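Using the hints, position chain V against chain Y.
There are 2 protein chains.
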Amino acid sequence: MTHTPIRFGIIGCAGIARKVSRAILCAPNATLSAVASRSLHKAADFAKSNGFPPEAKIYGSYESLLDDPDIDAVYMPLPTTLHLKWAVLIAQKKKHLLTEKPVALNVAEFDEIVRACKENGVQIMDGTMWMHHPRTRKMEEFLQDKQRFGQLKTVNSCFTFFTDLDFLKNDIRVKPDLDALGALGDAGWYRIRSILWAADYELPKTVTALRGAVLNEAGVILDCGASMHWEDGKKATFHCSFLTSLTMNITAIGTHGTLHLTDFVIPYQEQEASYTASAKPGFNELVTGWEPLPSEHTVTVDLPQEVCMVREFATLVQNIKKKGAKPDMKWPTISRKTQLVLDAVKASIEKGFEPVEIVN
Amino acid sequence: MTHTPIRFGIIGCAGIARKVSRAILCAPNATLSAVASRSLHKAADFAKSNGFPPEAKIYGSYESLLDDPDIDAVYMPLPTTLHLKWAVLIAQKKKHLLTEKPVALNVAEFDEIVRACKENGVQIMDGTMWMHHPRTRKMEEFLQDKQRFGQLKTVNSCFTFFTDLDFLKNDIRVKPDLDALGALGDAGWYRIRSILWAADYELPKTVTALRGAVLNEAGVILDCGASMHWEDGKKATFHCSFLTSLTMNITAIGTHGTLHLTDFVIPYQEQEASYTASAKPGFNELVTGWEPLPSEHTVTVDLPQEVCMVREFATLVQNIKKKGAKPDMKWPTISRKTQLVLDAVKASIEKGFEPVEIVN
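Chains as they are written, first to last, in the working numbering: chain Y, -10 to 349; chain V, -10 to 349.
Here chain Y stands alone, though its shape is the one from the complex:
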């Protein structure tokens, strides 16, 4: 690596920022240069308890960090409602942006963010970490194998976790003025992304929310699901919730094969991760057992998925800074599609579970 590392600043000290701080520290082409909180004390505490290098700067406001000329990129783990304001400012300050998901409250907001990034020549990528896990690459090979997997027909995906009364009362993810998209924006984002990923990012034609969505008194979604349909007959369902036991399954079924795993967002263990591939499964002669059995594949992990994510983002930023490349549009395009589907699920719930057409 002949390039100098990309210098990251973090605005906001959300729980997830701890994991991403560690990832920035571990990534070979990134350094942790600053953290900002609205409270200087909180920022200093965060830096101390997350192993920031001694030379890292501590800021008591987001603005001051954005004005620091020694910062190349900003990681933004702020509540969704604040994304538009801060993402646009980050871009205007010519900082590259690694943003937490959901990327915005709706696709119109995200388009404003992307426009600001384009105008200022900065990279944007969202923090959907499992996309960067080496297992994800391996599973893509299986999904693209026409002989063993065939044509994708169905995806079922869920991400639920059980939260306590304190969370349901006080967490930013249940507050309409903070993470207004609730469980749909948090757990649902990952599931919509996983379905789009399995469908090679082809957008569904229609999205229909499943009846029985649960909203809190302020109208924030705590539990919902949807079915999606594609022009060619592909179908998918997902379910996301703050109200049921931690579960993160995905099953992608093709004409000839089935991909399955149960720890898609956060693998059971950091060191290795598995998935099950079933290629041309059938029954034995008397239909009392399967032949062949599905096979389990384990992928060894050299770098945690968040580190792979930071490394990928920092590489794109290096390409811009050192090689004069244009910002890569692959990642914001995928973010936008995810947000489009998310918006449609929300619209369908608001329309009493009527189908909503996706217009790109």
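If you're looking for bench data, these hints aren't it; they were derived computationally from the structure.
As the structure is a prediction and not an experimental result, all values here were calculated from the model.
The list makes no distinction among identical chains, and a pair is therefore deemed to hold if it is satisfied within one copy or across any two copies.
Mimicking DSS-like on lysine-lysine, the simulated pairs with C-alpha atoms at most 25 Å apart in a straight line are:
#1 K8 to K269
#2 K158 to K269
#3 K158 to K223
#4 K310 to K107
#5 K340 to K223
#6 K37 to K8
#7 K194 to K340
#8 K82 to K312
#9 K310 to K46
#10 K158 to K31
#11 K164 to K31
#12 K83 to K310
Relative to the frame of chain Y, chain V by itself:
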């Protein structure tokens, strides 16, 4: 076992009858006494190739088998459209009835069958074999564990298998005059049952078919799904298909735990079967792994699930024959609920995917 074994006759030589023949041969309280086909030659061939005892009788018509006074019970693997006629006749001939699923074309027909069984004092049970697998008992214990599983909130279930062009053109399961309920009656039956099983047989309030159902030219369902909702907020989805790779997953999510398995209808192997139970799963401190990990439980199988099914049915028949017991109503009650939901899914498809209320 002091009781003499229950003497079974089989009418029809469908593929599934081979597995159930073996089960009757293996069950400690059953014997295989006769087989009937509309062709004497076919019946003789079936008896020969399925290891019938030499004294077993071969009939060239179903009626003649039903007139045999040395038959206690009939196993009926006939196409669904023929169930009403033959089931009623079997009951009138005072034979106990083990019937393949779906039990009838609709619940009104099934009610006629049950009425005939009641009037004639005979037992009826359907052939949903996985219900009798010892693993099913073990999983029930987990589902009922209020500490480890909590309250059931969501079930997702699928059963799909890929069929070739010959099946899609010629199999009885795609013919409107034979197994008119297609994939819904075949694979879907198991999935609806699995959802009711997980919900302790509480019927959903509404059933809404998922858009994108696939029907053949004759109107027989080849692929469909539905979502279900209960009064208390429980939800479930299922998907069944003849058009995608063999897959049979079920995930039941409670407030505190998750039950998961991927070979629910026909276990991967006959000798043992596994399931995954996740009790109060959570994340490690940095949210980079799970604590505790889900645990896999393996159940050793002494008798295959079909043998357990025959044994259970024969025990109920023995109770009637030798102890003067009344026919057990647990099994037909469960069959009826399954058929009720199945009917609602079909009605919802016919109504353009509108919700259908379940009226018991």
